[in-house]
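**Q** Take a look at the letters that make up each chain.
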Amino acid sequence: GAVVSQHPSRVICKSGTSVKIECRSLDFQATTMFWYRQFPKQSLMLMATSNEGSKATYEQGVEKDKFLINHASLTLSTLTVTSAHPEDSSFYICSIEAGGPHEQFFGPGTRLTVL
Amino acid sequence: EDKVVQSPLSLVVHEGDTVTLNCSYEVTNFRSLLWYKQEKKAPTFLFMLTSSGIEKKSGRLSSILDKKELFSILNITATQTGDSAVYLCAVGYNDMRFGAGTRLTVKP
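Line by line, the protein sequences give chains D and G.
Sequence positions in the first sequence follow my numbering and run 920 to 1034.
Sequence positions in the second sequence follow my numbering and run 5 to 112.
Heads up, some of the hints might be wrong.
Unchecked claim - No more than 20 Å apart at the CA atoms, straight line, and that leaves these computed lysine to any residue pairs for SDA-like:
{"#": "1", "chain 1": "G", "residue 1": "Lys7", "chain 2": "D", "residue 2": "Thr951"}
{"#": "2", "chain 1": "G", "residue 1": "Lys60", "chain 2": "G", "residue 2": "Ser14"}
{"#": "3", "chain 1": "G", "residue 1": "Lys44", "chain 2": "D", "residue 2": "Thr950"}
{"#": "4", "chain 1": "G", "residue 1": "Lys7", "chain 2": "D", "residue 2": "Leu965"}
{"#": "5", "chain 1": "G", "residue 1": "Lys41", "chain 2": "D", "residue 2": "Leu965"}
{"#": "6", "chain 1": "G", "residue 1": "Lys44", "chain 2": "D", "residue 2": "Pro927"}
{"#": "7", "chain 1": "G", "residue 1": "Lys45", "chain 2": "D", "residue 2": "Thr997"}
Honestly, the hints are just simulated from the structure, not real lab data.
Whenever a hint applies, use it, and build me the whole structure from the sequences.
**A** Structure representation (structure tokens):
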């Protein structure tokens, strides 16, 4: 399967600052990448679909001005949490669509803690 | 480094067959193992397992965890074409590491 990396793996920031999370596809040119937020215990919430060279498609309830997504190349998508607040603290996971339909490969995730 | 390995990577069966999907793991901190079914963009939650030997069941799907041998299985009995999907397992404490998934195709 495809290999996906995320950077950083952990970040702690002060309230009001912006944080950028990178998602890289190491061995596959990914036209489509997905950003998820994991809530405690079980649920995985899809935040947005990132399309190379075009605007991201956000899910209902996700603020596009708050969570900026840039898919600048076929191997890199970034998620910037702007003016982060403690309620944004979470585990953010990206995935790429590769191989068959609905086949996604997940990155290792980024733990964001906003103080 | 934490690892979650699913097998097989893909599987083709006929309706009515029973399938067993495997998930083995090596993680630094373990609290739970989760199974998801992925058909569309976002995976759908199936089971959360935290204790060894206790089977979780939902209809034709069941799952069990072995914390000594570090693996879980997901069983699907009397498969239907609607079971065709990618099945993902994720393991960890607060932060979950995902496996690569098993693509199940059920033919009529």
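**Q** Does each hint fit the structure? Answer for all of them.
**A** Do the hints match the structure? See the list:
1. G:Lys7 to D:Thr951: Answer violated: lysine 7 (chain G) to threonine 951 (chain D) is near 24 Å, above 20 Å.
2. G:Lys60 to G:Ser14: violated, 23 Å
3. G:Lys44 to D:Thr950: At roughly 17 Å apart (the allowed maximum being 20 Å), threonine 950 (chain D) and lysine 44 (chain G) satisfy the hint.
4. G:Lys7 to D:Leu965: violated, 23 Å
5. G:Lys41 to D:Leu965: OK: lysine 41 (chain G) and leucine 965 (chain D) at ~14 Å, within 20 Å.
6. G:Lys44 to D:Pro927: violated, 28 Å
7. G:Lys45 to D:Thr997: Distance of about 19 Å is within 20 Å: holds.
Hints 1, 2, 4, 6 from the list above are not met by this structure, while the remaining hints are.
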